[in-house]
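Colleague: Here is how the chains run, residue by residue.
Number of protein chains: 2
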Amino acid sequence: MKRVEGGICAVNGVTASGACEGDYGVSVIVSKNSTASAVFTSNKVVAAPVIITKDAVEDGRLSAIVANSGNANCFTGQEGMEDGMQMAKIVADKLELGTKDVAVASTGIIGRKLPMPVITDLINEAMENLKNSPKASRNVAEAIMTTDTFPKELAVETTLEDGNKVRIGGVCKGSGMIAPNMGTMLSFITTDVQASAEELQSALKEAVDKSFNMVVVDGDVSTNDMVVIMANGRSGRIDGKFQEALDYLCTELAKMIARDGEGATKFMEVEVKGAESLEDARSAAKAVVSSSLVKTAIFGADPNWGRIVAAVGYSGAEMDEEEVTISLKSDENMVNIVDNGVVKAYEGSKELVTAEDVMESSDIKITVDLNLGEYSAKAYGCDLSYEYVRINAEYST
Amino acid sequence: MKRVEGGICAVNGVTASGACEGDYGVSVIVSKNSTASAVFTSNKVVAAPVIITKDAVEDGRLSAIVANSGNANCFTGQEGMEDGMQMAKIVADKLELGTKDVAVASTGIIGRKLPMPVITDLINEAMENLKNSPKASRNVAEAIMTTDTFPKELAVETTLEDGNKVRIGGVCKGSGMIAPNMGTMLSFITTDVQASAEELQSALKEAVDKSFNMVVVDGDVSTNDMVVIMANGRSGRIDGKFQEALDYLCTELAKMIARDGEGATKFMEVEVKGAESLEDARSAAKAVVSSSLVKTAIFGADPNWGRIVAAVGYSGAEMDEEEVTISLKSDENMVNIVDNGVVKAYEGSKELVTAEDVMESSDIKITVDLNLGEYSAKAYGCDLSYEYVRINAEYST
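These protein sequence lines map, in sequence, to chains F and G.
Sequential numbering from 5 applies to the first sequence in our numbering.
Sequential numbering from 5 applies to the second sequence in our numbering.
It cannot be assumed that every hint is accurate.
One copy or two, either will do: identical chains are not told apart, so a pair holds if it fits within one copy or between any two.
[Claimed, not checked] The calculated EDC-like cross-link candidates involving lysine to aspartate or glutamate, where the alpha carbons are at most 20 Å apart (straight line), are:
id, residue 1, residue 2
1, Lys58, Glu325
2, Lys333, Asp166
3, Lys354, Asp243
4, Lys214, Glu283
5, Lys48, Glu283
6, Lys48, Glu327
7, Lys58, Glu364
8, Lys48, Glu322
9, Lys117, Glu326
10, Lys169, Asp59
11, Lys169, Glu351
12, Lys117, Glu202
13, Lys139, Asp324
14, Lys259, Asp324
15, Lys93, Glu360
No wet-lab data here; the hints were simulated from the structure.
Can you make the complete structure from the sequences, with help from the hints?
Modeller: This is the structure we're talking about:
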C-alpha cells in the first residue's frame, strides 16, 4: 500500500468540483453507476440531507454526491426536505440521472432555512467545472470546510490479491461537535474496487468503527454526519487488502480531524491495551481522549496522569489500578509514568521531568496497558484550549 | 420548612472545626452515636479514604468525619491506606471511639503521598477547637475547599408529621471534575432525625439522585467523592417531611456547586419535561447541561438552540423533533424558541432578540418539553469559559 496524489480524483472515472461564496460552499463528486454505502449520525435529531441520503443509498447505488457547507439544513421541516431534494435534482438533471442516484450532505448552523438561490448558483457553478484532477479534489475538500483550518484529503493505492491495483480516495471535514458515533463530520470516499453493496457496507462499517468513531473533539454528536463511499468497479474484487487500505485511509482522515479540532494546539493519540474486551478498550480510550481534564492538562503541558487513571476508572472498562501501566510518548521521548500500579513520575523523579518534556510536544501518545486481556483500541483527540471556547462562544452570532 | 443559620452546627449535638495551612485544610465533624449512611463515587479507581469510609459506615453507625483538602490520597497504595486509617485513629483516640466510628474523606491532587506531618498537626488543631457554632460550620466548609471560590453550607428546619421540629445541616465542596454520579465532590450532612441506617440510606439515595447526581461541571467523575449523613436521633422519626427537606437541602447545595463550577461565569438549570421515562428525562437534562457546545454558547450569550436540540437528540432519550418545545428564561424574561417543533427564534424574529437578551443573564433556565410523557427532571451546570481552561491547564504544576 502506498499513498498517492489526487484525493478522491486519484480514482479512475471520478470527477469532482467545489465552489464557494461567502459563508457557503458546494461540492459535487461524480462516480457514475457506483455501488454505494453510507454510515450516518446516531443522533435522534437528523438533518434533512441525512433522511434524503438514507433513502438514496437504500438500493446500494449512487452516481453522485452533492454537499454544502454553511448551513446544516437541520430542524427545517418540510421546506428543508424540499430544499435538500432540490439540491439532488439539480445535479441529477444535469447528469441525466434519477434524483435517487444523488446523495446529499450539509454542514453548518442548525435551524436556519437553506439560502437556496446561493446554493443553486454554487451547484450550477460546480457542475460546469467537473474534472478528474488533484485540484478538483482539493476544491471539494475546501468547499465543505466550516471551522476547519485546512482541507483534508488522502488517496492510497494497494494491490489486491487478484493482482489488480485498486485506489481509494477520501475527503473529509471536522472540526467541532466531533464525538464517538460521529460529530459534525462528513467524509466522502471513492474507489474503483468491485463490491456488492453489502460487502461495501461491511467494509465501511469496520473501517469507521476504528477511525471516525474513535475521534473526539468535544463529545457532542452532530445531527448531520455521514460517511459515503462509492465504488465504480473498474478494478478488482474487494478483499482483505482493500479492507486494510480502507482502514488506513479512514484512520488517517480521522487523525486529520482530531489534529484540526476546534482550537486544537496539540494532537493526542490514546492507545488502550490489555483490555478484557474490544468494547472495554474502545470505551477506555474514548474516555481518556474525551476528558476535559485530560484535554486541559495536555493544553497546559501538565503530566497529570491522575486524570488519565480517573478517566479509565469511570469509562466502564474493567480495570485494576494495581495492574495498570501508563506511558507518555512524543517523537523524541518515552516515559513510563505508572508501572503495574506503581507511580514512577512522583515529585522529584527523573520520570516526572521527562513526562513534563513529553507534554510540551505537539504530538502526544498516551498508552494505557490494563494488563488484563488481549484487546486494544486507539482513539484520537486534541487539547481543550482558550481558542475552543472562543470559537464556540461566538459561532452563530 | 425554613432555612436556618448554622450549617451543620444548626443541628443540636453536633460539634465541628476546620483548620488550614498553605495548600492543606482539615475539617472534623462530630455527631456522637449517630446512625449513618453514605453514597460514593462510581469510579472504578477509588481513593484510600473511600475504601476506609465504606468499611466504617458498613455497620450503619458513625460518630465523626475527618476530611482533608489539598491531596486526594488516591493511587497511593498501602501507604495511602495506612495514612487514611491514621487520620481516623487520631480523631477516634481523642474522642475515645473506635477507628471505625470515624469516616475519612480527601480531596485534591491524585497520586501523591499525603503529607502526614502537616495533616496530623491540622487534625490536632481542629480537635482542640470543636464547637457547636455557625462559625465552626463555616470553618469546616472553608477547610474542604480546593478550587472552590466560596464556602458552601446550608441548614433547614421542618416540622415532622409527629410534631417534632427536625433540622438538617450540610456542607459541601465542588468545583471541577463534577459529573453525574458525583465529581470531586464532598458533602457532609448532619441531622437530629431518628432513623435506621436503611431508612437513612434510602432517603440519602433519593435526595442525591435528584441533586448531586444532576450537577455537571466538566463530565469527569472523581475517584474520591462521597456524601455522608449522620443522624443523632434527638428529634422525631424520619418521614416524608424529612425527605422533602433533605431533597431541598441537597438540591440547594448541588446548585451552589454548579454555580461555583471551575471558571463558571453563569449558572444554568435545565428542566426536561414530558419525557417517556424518568431515565429519559434525566439523560436528556444531563446531556444538555454537559454539552461543551451548549456550555460555550451560554458563555458567549449565543441563543444557539440547535445545540440544545442536538444534545437531547444524542442523549438516548426518546424524542420527536416535531413535538419538542424549548424555552429560555432569565429572572426578567421568558421566550419560546421552538414551539412544538416549529422554530420561533429565527433570524429577524422578536423571539431571537428576547433569546439573546435572556442569554446575557447570569442565571439561565432552559426548559425542554418533549411532549411525549409524564416524566421530568432538572440538571444543573455552568458555562465553559476561558477561566475553566486556565484553571485546569495549570492545576498540578
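Colleague: None of the hints should be skipped; say for each whether it holds.
Modeller: Hint check:
1. Lys58 x Glu325: Between copies only: 18 Å across, 44 Å inside.
2. Lys333 x Asp166: neither (40 Å within a copy, 65 Å between copies)
3. Lys354 x Asp243: Classified as neither: same-chain Cα gap 49 Å, cross-chain 58 Å, threshold 20 Å.
4. Lys214 x Glu283: within (11 Å within a copy, 30 Å between copies)
5. Lys48 x Glu283: Result: close only across copies, 16 Å inter versus 23 Å intra.
6. Lys48 x Glu327: For Lys48 and Glu327, only the inter-copy Cα distance (13 Å) is at most 20 Å; the intra-copy one is 39 Å.
7. Lys58 x Glu364: neither (44 Å within a copy, 40 Å between copies)
8. Lys48 x Glu322: Result: close only across copies, 8 Å inter versus 29 Å intra.
9. Lys117 x Glu326: between (55 Å within a copy, 16 Å between copies)
10. Lys169 x Asp59: neither (32 Å within a copy, 65 Å between copies)
11. Lys169 x Glu351: Neither: 55 Å inside a chain and 52 Å across chains, both beyond 20 Å.
12. Lys117 x Glu202: neither (35 Å within a copy, 56 Å between copies)
13. Lys139 x Asp324: neither (52 Å within a copy, 42 Å between copies)
14. Lys259 x Asp324: Neither: 30 Å inside a chain and 34 Å across chains, both beyond 20 Å.
15. Lys93 x Glu360: neither (56 Å within a copy, 37 Å between copies)
In terms of the numbered hints stated before, the structure departs from hints 2, 3, 7, 10, 11, 12, 13, 14 and 15, listed from lowest to highest.
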